[in-house]
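Listed in order, the protein sequences are those of chains F and B. Using the numbering used here, read the first sequence as starting at 1 and increasing by one per residue. Using the numbering used here, read the second sequence as starting at 444 and increasing by one per residue.
Heads up, some of the hints might be wrong.
Away from chain F, derived, C-beta distances all over 10 Å, residues of chain B [what the hints assert, rightly or not]: (1) H548; (2) H612; (3) H676; (4) V678; (5) D832; (6) Q860; (7) D877.
Stretches of chain F that chain B covers, calculated by requiring three or more beta carbons in the stretch to come under 8 Å of a beta carbon on chain B [stated by the list, open to error]: (8) 29-40; (9) 83-94; (10) 99-111; (11) 171-184; (12) 197-209; (13) 217-231; (14) 307-320.
What the hints contain is simulated information worked out from the structure, not anything from laboratory work. It should be emphasised that the depicted structure is a prediction, and the values quoted were computed from it without experimental measurement. Yeah, the Cβ is synthetic: ideal placement off N, Cα and C, and Gly gets one too.
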Amino acid sequence: MHPYLPHTQADIDHMLQKIGVESIEDLFTDIDAKALLKSPMRLPKAESEGRVIRKLTKLGESNIDTANWLSFVGGGIYEHLIPTIVPHLISRSEFYTAYTPYQPEISQGTLQAIFEYQTMICELTGLQVANASHYDGSTALAEAAFMACGATRRDTILIPDTLSPESKNVLRTYLKYKDLNLVEVPSKDGVVDSDILKDYIHDDVAAYLVATPNYYGNLEDLTGVSEQLHANKSLLVIMSNPMSLSLFKSPGEWGADIAVGDGQVFGNPMNFGGPTLGYMACTEKLMRKMPGRIVGETLDLDGKRGYVLTLQAREQHIRREKATSNITSNEALNVLAATIYLSTMGLAGIYEVARRSHINACYLRDHLKGIKGIKIMHNQQIFNEFVIQVKDSEEVMKSLELFQIIPGIIIDHEQNLLLITTTEVHEKEDLDTLVVAMKEVLA
Amino acid sequence: MQKNIYEISKEGRRGYYFDTYDLEDYSKSFDIPDKFRREEAPRLPEVSENYVVRHFTKLSNRNYGVDTGMYPLGSCTMKYNPKINEVVAAMPNFSHTHPSWREKHVQGNMKIINELQGMLSELTGMPGISLQPAAGSHGELTGLMIMKQYLIDQGDVHKKNIIIPDSAHGTNPASVAMAGFIAKEVKSNAEGTIDMDALSQLIDENTAGLMLTNPNTLGLFEKDILEITKRIHDVGGLVYCDGANMNANMGITRPLEMGFDIVHLNLHKTLSTPHGGGGPGSGPVGVVSSLKDYLPGPIVKASDEDFYTFEMPAKSIGHVKNYFGNFGVYLRAYVYFLTMGGEGLKLASQLAVLNANYMKACLKEAYKVPYKALCKHEFVLAGLKEPGDVSTLDVAKRLIDYKVHPPTIYFPLIVEQCLMIEPTESESLETLDDYINILLKIAKEAKEQPELLHNAPTTASVRRLDEVSVARNPVLSYRFNGEEQ
Numbered sequence: 001m002h003p004y005l006p007h008t009q010a011d012i013d014h015m016l017q018k019i020g021v022e023s024i025e026d027l028f029t030d031i032d033a034k035a036l037l038k039s040p041m042r043l044p045k046a047e048s049e050g051r052v053i054r055k056l057t058k059l060g061e062s063n064i065d066t067a068n069w070l071s072f073v074g075g076g077i078y079e080h081l082i083p084t085i086v087p088h089l090i091s092r093s094e095f096y097t098a099y100t101p102y103q104p105e106i107s108q109g110t111l112q113a114i115f116e117y118q119t120m121i122c123e124l125t126g127l128q129v130a131n132a133s134h135y136d137g138s139t140a141l142a143e144a145a146f147m148a149c150g151a152t153r154r155d156t157i158l159i160p161d162t163l164s165p166e167s168k169n170v171l172r173t174y175l176k177y178k179d180l181n182l183v184e185v186p187s188k189d190g191v192v193d194s195d196i197l198k199d200y201i202h203d204d205v206a207a208y209l210v211a212t213p214n215y216y217g218n219l220e221d222l223t224g225v226s227e228q229l230h231a232n233k234s235l236l237v238i239m240s241n242p243m244s245l246s247l248f249k250s251p252g253e254w255g256a257d258i259a260v261g262d263g264q265v266f267g268n269p270m271n272f273g274g275p276t277l278g279y280m281a282c283t284e285k286l287m288r289k290m291p292g293r294i295v296g297e298t299l300d301l302d303g304k305r306g307y308v309l310t311l312q313a314r315e316q317h318i319r320r321e322k323a324t325s326n327i328t329s330n331e332a333l334n335v336l337a338a339t340i341y342l343s344t345m346g347l348a349g350i351y352e353v354a355r356r357s358h359i360n361a362c363y364l365r366d367h368l369k370g371i372k373g374i375k376i377m378h379n380q381q382i383f384n385e386f387v388i389q390v391k392d393s394e395e396v397m398k399s400l401e402l403f404q405i406i407p408g409i410i411i412d413h414e415q416n417l418l419l420i421t422t423t424e425v426h427e428k429e430d431l432d433t434l435v436v437a438m439k440e441v442l443a
Numbered sequence: 444m445q446k447n448i449y450e451i452s453k454e455g456r457r458g459y460y461f462d463t464y465d466l467e468d469y470s471k472s473f474d475i476p477d478k479f480r481r482e483e484a485p486r487l488p489e490v491s492e493n494y495v496v497r498h499f500t501k502l503s504n505r506n507y508g509v510d511t512g513m514y515p516l517g518s519c520t521m522k523y524n525p526k527i528n529e530v531v532a533a534m535p536n537f538s539h540t541h542p543s544w545r546e547k548h549v550q551g552n553m554k555i556i557n558e559l560q561g562m563l564s565e566l567t568g569m570p571g572i573s574l575q576p577a578a579g580s581h582g583e584l585t586g587l588m589i590m591k592q593y594l595i596d597q598g599d600v601h602k603k604n605i606i607i608p609d610s611a612h613g614t615n616p617a618s619v620a621m622a623g624f625i626a627k628e629v630k631s632n633a634e635g636t637i638d639m640d641a642l643s644q645l646i647d648e649n650t651a652g653l654m655l656t657n658p659n660t661l662g663l664f665e666k667d668i669l670e671i672t673k674r675i676h677d678v679g680g681l682v683y684c685d686g687a688n689m690n691a692n693m694g695i696t697r698p699l700e701m702g703f704d705i706v707h708l709n710l711h712k713t714l715s716t717p718h719g720g721g722g723p724g725s726g727p728v729g730v731v732s733s734l735k736d737y738l739p740g741p742i743v744k745a746s747d748e749d750f751y752t753f754e755m756p757a758k759s760i761g762h763v764k765n766y767f768g769n770f771g772v773y774l775r776a777y778v779y780f781l782t783m784g785g786e787g788l789k790l791a792s793q794l795a796v797l798n799a800n801y802m803k804a805c806l807k808e809a810y811k812v813p814y815k816a817l818c819k820h821e822f823v824l825a826g827l828k829e830p831g832d833v834s835t836l837d838v839a840k841r842l843i844d845y846k847v848h849p850p851t852i853y854f855p856l857i858v859e860q861c862l863m864i865e866p867t868e869s870e871s872l873e874t875l876d877d878y879i880n881i882l883l884k885i886a887k888e889a890k891e892q893p894e895l896l897h898n899a900p901t902t903a904s905v906r907r908l909d910e911v912s913v914a915r916n917p918v919l920s921y922r923f924n925g926e927e928q
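Build the full structure now, drawing on both the sequences and the hints.
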């Protein structure tokens, strides 16, 4: 028998007898013969652990050796240092082999961790209510769009063209099939000018969904924007890289009604883009319109503090087609990682991570500026990434590969734009290596 | 009382150490302009490393997982989560890869995605697979979007109705609404399967399709499945398979053979990836040939030279998630395929069905069995035969006192006092017998000492919690110094 299957032949015989059938096949006589598989599935034969590990190690070697390459790639997924206790603690199997906490009395661990996470997200975003997470930043943004359309009973969503292509793509798909409109506001020098935005705020606009820092790494100046929107009974949704929120104005301080973003930066590895976690927070006023699981604090029969899933009247298992969303599974284990990360780092820790990421980017931008053949595209406040223009971006990528450097993402092949990102994982030496290599390949 | 992380925080403590920053001098020339600077600092806990470890270890002790014991949540397939899956997913050459690196730098990842697409294709019979959706309900939404785009392209924009059985998962109607369709409920018959007369009355030219779980949420195989799928096809509709219950079917029957057009799988159910206390999941979608071009992308194609590329299908509905979906979950499912093999998967489904039928046979003396037919991987009970003033909730809470996880309760909605039990193939005869004996003992207690059930649980970290007042006056984040929200 297979190691994951505890049955002996004697067990099987005993069970069949109790059921009153002769063979296991007899348990499937209710299936129409025409629907039965005629031949076995064409799948590989079972392999031992040793062989599987060897095979996967080899497959891993078909990727670049991550330890020996220098990457300045971001644009939505970021490499940060992860305290060793994060992977260690989320590997406790009472956490990772549990289901959604439907039975609160034996799920207090998961529930309390989510409650602590909700508190931290409220603090970081400056808003009053947070949910237990979405699949990622972009799906959180799409759900925020639905939430805004539902709350305002309007059908148009405004976005700046500075939103990341991943987020635009997901939004486009979600809105299209719900027959909602998506309108893009053009940018100038890598940010949206609020004078231009003004012309787009009509009475069908449910919300303006803006990312800051935006896809180009620039901070959007949102002075007066929430006032403009609220005067029109529209909502403001702000998407952020949450690591930036210890330095820069919070969504709450900008007057946002809903805040979303991707929490991967908090203790989660890049994982080729997933799983991560999408966070969402909103004002108290919108609380009952929010999708997703929410954990609340309450008391047990003895007056002892405990936690439960709450406000479930919004959810699919109660409301079915009238629910605020269909979301069920979220990204609880990634949330746990984020909670442990934030507990370990504290404000001083994430401030230091954000500060070093920011200063590194400023240093890099400063030193690339002087190189012949590089143009810094925008003159804006940045967080940890920025855009440069070169003569031939493809050529630059290829040449730097010889140094085992990936300098960034080509975000526009025609204009030869490169998005360069740094975080605290880069030491000064790494930044200087990129500068020197760039000089060499552009010479 | 279990303290929360803020209550063990003290100003000045730290859990992480930084090396000296080489750009300290350089940084002095930088300042954030006032208009961008954060005004009010977020309050985060300050805890030393060892106390963070203790805090979360204590929390883990207040949890229950598959590794703790039997976890027979119906429709959730809480099977064993193999440890080799975790080891592989943590390998740095996978976990440290960035999704925006170039294809040639991540050929290992892409080969895995490509092969997993092929394996899931074989498991479902569906020639087209996209791994992008992040969960079962996300897969449903994706499948419905594919349906909608297909119908639009056929000129069938008037087709808006999706038929759903009254026994369906709540996500089905919620997904229908999110995709801009209208849900129409069809009732089940006395045998627990779709009432064919009621179905006929609902089907008309406005029928866009039907969503069905098979075996259904009562654990029963829809005996008329071929006729059901045919009737929907006859009016130009499509049939969606909610694959949450695929653990009954592996190697025995497939959505394609049943006549479905679209299916999602829950890798965190059928394919052994852990549920993580509520996620991450993964909900790949499979489709028949005529719908392949509509899949969300990118998906991975293999070239002749064993080089893998990302491609968007020709008429793709677009992206439903960032990048390529939950790659970390794919790795685990891929390893599960390798360690189980095709024959192992079939055996797993057979034993899952054996375990469920065995439990059902043993429990019928004390619990109401609303549907007598053979069950598949799960079954439902309609509460106690002699309940007195004891409810299914009481039974569930009493199970906790016996240190096992209760089944799904009060679902499906069409069964009164429902207990929905899915033991999975991972449980041994002895474990099943223990669980059965506990349930029989509880049935006896219900008659003789009902207060034991009413008061349960008494041995968990908390007793029953007041869910009503919190929904009315929600406390959803820590109240610093007792402040109001």
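* **Violated hints - listed by number, lowest first** => Hints 1, 2 and 12 not satisfied by this model.
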